[in-house]
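Two independent chains are provided; combine them into the complex using the hints.
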Amino acid sequence: MLTVEGLSKRFGGFLAVNQVSFDVRAGEILGLIGPNGSGKSTTFNLIAGNLRPSSGSIRLDGREIAGESAHVVCHQGVGRTFQIPRPFRKLSLLENVTLAAFYGEAGRISRLDAERRAVEALGMVGLPSDAAASTAGLGAAALKKLELARALATKPKLLLADESLGGLDRAEMERAADMLLDIRNRLGITIIWVEHIMGVLMRVVDRVIVLDHGEKIFEGKPGAAAADPRVTEVYLGKAQA
Amino acid sequence: MNLNHVLWAVGLAILIALPFLAPPYFLHLVIQILIWAFIYTAWSLMGRFGFVSFGHGAFLGVGAYVPALLWNYYGLTPWLGIPLGVAGAVLLAIVVGYPCFRRRVVGHYFALVTLALSQVVLLSLVAARDITGGSLGFTQKAVGHSWYALQFPEKGYFYVIAVLLWLAGLAAWRSIDRGIGREALEAISEDEDAAAAVGIDVMRQKMRVTIVSAALTAVGGAIYGQYVMYLNPETVSGIAVSLQIVFAAIAGGVYSLLGPSVGSLLTLSLTEGLRVWFGTDYIGAANTIYGILLVLCIIFMPQGIVGSLQGMRRRGAIAKPLVTLDRQSATRRPSSAAQ
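As you go down the protein sequences, you meet chains A and B in turn. Under the numbering used here, residues 91 to 331 are what the first sequence spells out, in order. Under the numbering used here, residues 80 to 418 are what the second sequence spells out, in order.
It should be emphasised that the hints constitute simulated quantities derived from the structure, not laboratory data. A quick note: this is a predicted structure, and the numbers were derived from the prediction, not measured. Treat the hints with caution; some may be incorrect.
[Said to hold, decoys possible] Distance ranges between label pairs, derived from CB positions:
1. B/D256 with A/A222: 15 to 21 Å
2. A/S159 with B/G258: 21 to 27 Å
3. A/R198 with B/P232: 48 to 54 Å
4. B/G260 with A/N126: 36 to 42 Å
All C-beta atoms in this analysis are idealised placements derived from N, C-alpha and C, irrespective of residue type, glycine included.
The following block holds chain B by itself, in its conformation from the complex (with noise of 0.2 Å):
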């Protein structure tokens, strides 16, 4: 039994607890932050690889409208909208990555391919506004409580969704970080030639991390658009939102399991804040103190501020040897030692 044991219970009591203390806007609150988390941790699958993209966006928007869209004109059930949502953002995956990686089309170059990705989804939706409803939004056809219609007006449904989500992000998260795998990833982002050289499959790797990326986005997306039940372009696809998701995980910490969703629980309650704070006082405020102190979390904290108190704490216990290192953070150590 160990500090990190005693810390996961506390936080899954408190997880268990809020829905019954909580006040329904707060709880509003966590549900989002929880499908952000779930969303950005999809993500940090990819980034903190070095294999940044800001094409996830397009893979929340294929994941949000498909399933609407498929419910509002042809009545189909989310459960199996979702699925094929899901199917059209891995689609999508292969068809960009699978160039980009055969061309080795890395670093800045798969950035800037990624960022159009997100932007042509972004288009595409307000072009086929007939269908989408462009800029304008989508609403689904809401039947009040339904399985069938993964609708549902009382907060508790959505909650448990998000913390079930959430943990199974986490769970994606971890069995790649134990696995062998990483450390092939690992491999491949610092020398592609080497990582060939010694049998790895660079390209089945880094598809299978992008694929695994893409479709737990996408998950993300599904469940937030049947959440909010209101569909925007702006708000679920394109650039501003691949930049949310870039920014948020980074801030958090891409290399450690708690990072992303850190950085979820801080950007969204640092909007929320300045916004209630602020209200209309003083327009363009909140977003302006938002952008300054992420930018000083990202040069300050290049590890993410999870990274950088978990550094702070191997610090403290390696001068204070009653503190049992897990396995991973032994390991981990040349590592950090080496940057």
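Just chain A, same shape as in the assembly (with noise of 0.2 Å):
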């Protein structure tokens, strides 16, 4: 569903990603790992709007995607979760996710269905829904579940999720994994994980690929990156030493 093909971006005499192409096929959770800096999050930002490539081609369902604004492409079906949780403090939980149902849409729903359809979203990640509950207070697990009922609540048929798990505990990561696999099984999205730490991402994901210094070094099955020579180099190798 998603095409990207010869994706670079460069900023200033750094390139960030380096001819990077891949596909992404319906119903799968594609695995996006690679060391810090590897150029995984820039990835991101290139598919979701935030950043315009330097040059490539990014196709949503064929229609060319590459260098819209963010809103634009949320408004194709793409959503996203930010590394570092962003909520809007101002706003309580609910008030966070309506918006996000609300102008996901582009505004064509009522704010009758917006707040219904946040509801759900927050159920689905297991957030209190009442009107009362607010953003202060929530730790880091928490702030991941918003940022994702976030997304849910944007109706998006690709879910971009950049859950670099750091600050969660292992239950916590092992719960978040799960709940992403609940979210492709039940609602049928498309979901790219991004992630430094390889062990719960393996469990879960059907392909992965693996990104260093911007480029593509890896792309199959789990099984066959851990046991891929260049992947166990830069990734692994640094990751142990």
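What follows is the structure in structure tokens.
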């Protein structure tokens, strides 16, 4: 459903993403991994429209979305979460998600429908949906859930989950992984999952792409990635050191 | 029927009774307070979302001068001149706002760019002295009582116009406050990327509120000009006026419907009061006291006077559940608790 071809992003003299190409198939969970600074988040930001690519093409169901604004990409059916949660702190939880439901549909639904959808999304991730619940005092795991609820409320067909699960303990990571699996299975949403720790991700994803220094060095089954010498060298090798 | 309704009813009754009871000088003050209250309310449409514009003096100046110039030179009725002035202010808002929003000029940088804008308009008005009269000011050709020229020597007419204008400003404030657009703008003011990621067209939302705010400010400038029948670049444009707008609105409270109006009431009565009190005895003393009070207000009541009072009342209301909170303040509670 998503075709990325020859995608590059240059920041001054630094090539953050270099000629990356890959396909995402409808209904799969694709893992996008790599060490810090390998270009994962930049790739995400390019797809989501937060950054303009220097060159290359991104097609969603055959329609070119490279260089479109973030809100247009969202209306095309791409939802995203941020690596560091970015809640709207002046708004309640429900307002946060209602806003996403309303504007995710470009304001074509009524406020009441948006609120109903927000309650659904909050329920799905397990957050309270009463009007008074605020973002104050939410922990890292709950803020991640809010990110997810907000993305889901925009009714995406493709979810970009920037889930660098730092700040979560082992059990919370497992729960987060199960939630993504649940979202795919129950809602049929295709997912690209960005992560820099391999462990939890490998259990859930169908395929994995490994980036290093902005280049794709591996694409295939998770099992094969662990056995690939280049991946072990640049990725796991570093992680062990 | 709650306390709010009672207060509104009492307030409106006073406004209706005022022209029959008040001496002309007092009525003159009230008209000015209402017109400026409208302008401060227009500013706070943007200001409450952290888009702090120091450029509203520019919109005010364009709104005031365009119809006055067109009237004097071409005899064009203000009924057409005012819309043209408003269109000019909107154009200015677009020309400055669009690149600012595109290039993500926010916060202090936005304040600086808009500050420059208000000074550009002031300097242009002064420089075009052959047409505008420069710093000596500009007087509209008076024709006596005339609807065509929108000139009324009797204060009663402008009093009614000022009241209607002020109420229209409050209605605009409320319609933005009640809609989901308010939440979108709050989201944008916190995090533009996150707002765009949930499908909010950041550019469009910001442009819209800027255009509404600039247009209303220009209307305020035009009515002010028609009322006082004398324009001076220093009093309707430039940094000084922009600062006056920002300070009065913030001191009154930009997060409450009546905040900017209270700001107008207090600053104008304070200026007048101090002026009358000190007379010509200690020149500068009035301005100094005015400045000090304003600074104290802003430091100790960051929510503004009205915001602080509402905060106190709300805390009281929780203790006494007999007072029903309206929906608006009930939904506000979590956000004010988070601050």
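Consistency of the hints with the structure:
For the hinted restraint 15 to 21 Å between B/D256 and A/A222, the CB-CB distance of approximately 19 Å keeps it satisfied. Look at A/S159 against B/G258: about 22 Å separates their beta carbons, and that is inside 21 to 27 Å. The hint said 48 to 54 Å for the Cβ distance between A/R198 and B/P232, and at roughly 53 Å that hint holds. Taking 36 to 42 Å as the suggested C-beta distance range, the pair B/G260 and A/N126 conforms, at roughly 39 Å.
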